[in-house]
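Please construct the entire structure, taking both the sequences and the accompanying hints into account.
2 protein chains.
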Amino acid sequence: MVKTTQQWHLASKPTDLPELSGPNQTFKLVTTDLPALEANQVLVKTLYLSNDPAQRGWISPDADPERLYVPPVKVGTLMHARGLAEVVDSKSERFKKGDTVLGSVGWSEYAVLNAKDVQPAPDLPGGLSKTHYLGALGLTGITAYYGIKVVAETQASDTVVVSGAAGATGMMVVQIAKKMLGCKRVIGIAGTDAKCKWVESLGADDDLVKATEGFVNVYFDNVGGEILDLMFTRMARYSRIAACGAISAYNANSDRRAGLKNWFEIISMRIQVRGFIVLDYLSKMSEVLDEFRAALQEGKLKIDEQSEHVVKASFEEIPKTWLMLFDGSNTGKLVTSL
Amino acid sequence: MVKTTQQWHLASKPTDLPELSGPNQTFKLVTTDLPALEANQVLVKTLYLSNDPAQRGWISPDADPERLYVPPVKVGTLMHARGLAEVVDSKSERFKKGDTVLGSVGWSEYAVLNAKDVQPAPDLPGGLSKTHYLGALGLTGITAYYGIKVVAETQASDTVVVSGAAGATGMMVVQIAKKMLGCKRVIGIAGTDAKCKWVESLGADDDLVKATEGFVNVYFDNVGGEILDLMFTRMARYSRIAACGAISAYNANSDRRAGLKNWFEIISMRIQVRGFIVLDYLSKMSEVLDEFRAALQEGKLKIDEQSEHVVKASFEEIPKTWLMLFDGSNTGKLVTSL
Chain B
1 MVKTTQQWHL
11 ASKPTDLPEL
21 SGPNQTFKLV
31 TTDLPALEAN
41 QVLVKTLYLS
51 NDPAQRGWIS
61 PDADPERLYV
71 PPVKVGTLMH
81 ARGLAEVVDS
91 KSERFKKGDT
101 VLGSVGWSEY
111 AVLNAKDVQP
121 APDLPGGLSK
131 THYLGALGLT
141 GITAYYGIKV
151 VAETQASDTV
161 VVSGAAGATG
171 MMVVQIAKKM
181 LGCKRVIGIA
191 GTDAKCKWVE
201 SLGADDDLVK
211 ATEGFVNVYF
221 DNVGGEILDL
231 MFTRMARYSR
241 IAACGAISAY
251 NANSDRRAGL
261 KNWFEIISMR
271 IQVRGFIVLD
281 YLSKMSEVLD
291 EFRAALQEGK
301 LKIDEQSEHV
311 VKASFEEIPK
321 TWLMLFDGSN
331 TGKLVTSL
Chain U
1 MVKTTQQWHL
11 ASKPTDLPEL
21 SGPNQTFKLV
31 TTDLPALEAN
41 QVLVKTLYLS
51 NDPAQRGWIS
61 PDADPERLYV
71 PPVKVGTLMH
81 ARGLAEVVDS
91 KSERFKKGDT
101 VLGSVGWSEY
111 AVLNAKDVQP
121 APDLPGGLSK
131 THYLGALGLT
141 GITAYYGIKV
151 VAETQASDTV
161 VVSGAAGATG
171 MMVVQIAKKM
181 LGCKRVIGIA
191 GTDAKCKWVE
201 SLGADDDLVK
211 ATEGFVNVYF
221 DNVGGEILDL
231 MFTRMARYSR
241 IAACGAISAY
251 NANSDRRAGL
261 KNWFEIISMR
271 IQVRGFIVLD
281 YLSKMSEVLD
291 EFRAALQEGK
301 LKIDEQSEHV
311 VKASFEEIPK
321 TWLMLFDGSN
331 TGKLVTSL
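Protein sequences, first through last, are from chains B and U. Under the numbering used here, think of the first position of the first sequence as 1, with each following residue one higher. Under the numbering used here, think of the first position of the second sequence as 1, with each following residue one higher.
Honestly, the hints are just simulated from the structure, not real lab data. Virtual Cβ for every residue (Gly too), placed ideally from N, Cα, C. Heads up, some of the hints might be wrong.
Residues of chain B clear of chain U, computed beta-carbon distances all greater than 10 angstroms [to be verified]:
no., residue
1, A11
2, D99
3, A211
4, M285
5, K302
6, G328
Simulated restraints, written as ranges between beta carbons of each label pair [to be verified]:
no., chain 1, residue 1, chain 2, residue 2, range
7, U, K91, B, G182, 47 to 57 angstroms
8, U, T192, B, F326, 41 to 51 angstroms
9, B, Y69, U, G299, 41 to 51 angstroms
10, U, G214, B, G328, 34 to 44 angstroms
11, B, K210, U, A252, 27 to 37 angstroms
Now the structure itself:
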């Protein structure tokens, strides 16, 4: 019977890029007792961890709990993370030993979770890895769908630009816009030539300046900062910006942030900006996943091993692997395989 | 018969604050021939000039004609401005000598205008000066109404913040929100204590931090820059920003602009931002003016000599008077009386 577990706890809140060692080390590895399993709970072993830019926000020193969409991580407690896990013991009728499940396991080898907070992860068709439940067929895929279809109200006639287009959300936005919504022009912005090539293979057109000559109707923003500021000047009259993320700013305290200077374009071009968080759209999740499944069968959505970037890591390497999100080295959904 | 007129022409496009003299003088005074009056035209003498922050945008060097909502002013041509004028000669059936009219007279003593581009300016009830047609009962009043009611969809239950609250647009936003829409909390931001006192007399509550303790549902932004950046952090979940102006940035080229750093609040609080220009709403102008007249009678709107700041100026002093817009010295609509 498992009684203890290794965990990564938050050691100190980083103002800039999280540090893996030294006096300001962001996380620390601890071994801690597991609580006793109670009725309607399951004990799970973490198999895969989802790596998400949003996690950076949960450990910021200036995070005001009143203004966060999930509670921040407290110093000295377990780092939050979503993961795919195997049930090793169960006091719930819904799950049995050996089941694969999805839940907020945190950076923990083992976790005791309430069964009501855990979702089943049944086999996927076509031999797809269940890790896609952490990405394309999970919250990131839903984020892409919600942002491009509902928030930006994208129509087939719209010219669409997506930043972070080779990332977990961006790659889905490109495909949903191009193949599911039928947009004629979908332009992806990505950090390297190799990424751009891949994004093009998903359906995006190349060359930002040329492609935006007639200006842009919808911009799906994953990055914020300088690219967003540039995009303000490329938006068409009455265009829409779906503000999804600002990864360029997550590791810079406000003194070091670039700052947006082209705000006036919002006024003169009558641009509409809408910030959104997928948590507001979870009630539609199963509906959207049905739509994704149909699109997969019709060839309007491609999800394969290239849609995720699975990094085999030891438990000690969890923070280091997560930091790959911020150095541009991952393509598709970054997943840690333990 | 008037054959020539004095005019202020654009001499060079300013990158920063327009200059009244020196090698980079922004405007120059010229005497020029008037065109002969043709059928369906009127010759008018300018009585009052409207001073508008938007005029600054029309003379910026980086103004891309494709992205401006009115054509930019070309170097060596008449500075654009709206004004109240007297018809001195007419070849139009619609206007006769002695009529007071509204039109795009520019910074010109006399102007020949097409009658179709000129609006009549009949007497106002209650002995109100016709100069209010340039402000509260003109485009600035309509701007306020369009932004707070239509763009921001303000409801009585909303807490509203207005920046530039002692300015031509802001003073109307405060009154429309508080008295016409019945908002319980309307907070005005203005540049001096005296202005704040006056804004309070229009119905706004005081003390920004205390008043925004429960956060803000609607922010009507006239100023941009640092105040906008601060307001991002004071917005409630699912709140709206009506982006009307950015006077703090108009005289700073992009290198010197402060830059917005709190963009992420738009995402985490799901804020909606909508830029708008009153020109999109002109079809509703007479309807809104009817509503204003009714509100005046019911005491839900106060328009008096304090609603405008009329500066008696010689023709030579037109640019200097206009520049008062940018040093914070005017309260209410800034009007130049020639």
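Hint check results:
Consistency note on A11/B: stated as away from chain U, and its beta-carbon is indeed over 10 angstroms from all of that chain's, at 24 angstroms minimum. Separation of D99/B from chain U is adequate, the least Cβ-Cβ distance of about 34 angstroms exceeding the 10 angstroms criterion. For A211/B, the non-interface assignment is confirmed: its Cβ lies about 17 angstroms from the closest Cβ of chain U, beyond the 10 angstroms cut-off. Separation of M285/B from chain U is adequate, the least Cβ-Cβ distance of about 18 angstroms exceeding the 10 angstroms criterion.
Every CB of chain U is more than 10 angstroms from the CB of K302/B (nearest about 28 angstroms), matching its label as outside the interface. Interface exclusion of G328/B from chain U stands, the closest Cβ pair being 19 angstroms apart, more than 10 angstroms. Here the CB-CB span from K91/U to G182/B is close to 55 angstroms, well matched to the stated 47 to 57 angstroms. Between T192/U and F326/B the Cβ separation comes to about 44 angstroms, which falls inside the hinted range of 41 to 51 angstroms.
Checking the proposed 41 to 51 angstroms range against Y69/B and G299/U shows it holds: the Cβ atoms sit about 44 angstroms from each other. Between G214/U and G328/B, the C-beta spacing of about 40 angstroms keeps the proposed range 34 to 44 angstroms intact. Between K210/B and A252/U the Cβ separation comes to about 31 angstroms, which falls inside the hinted range of 27 to 37 angstroms.
Violated hints for the displayed structure: none, as all numbered hints are satisfied.
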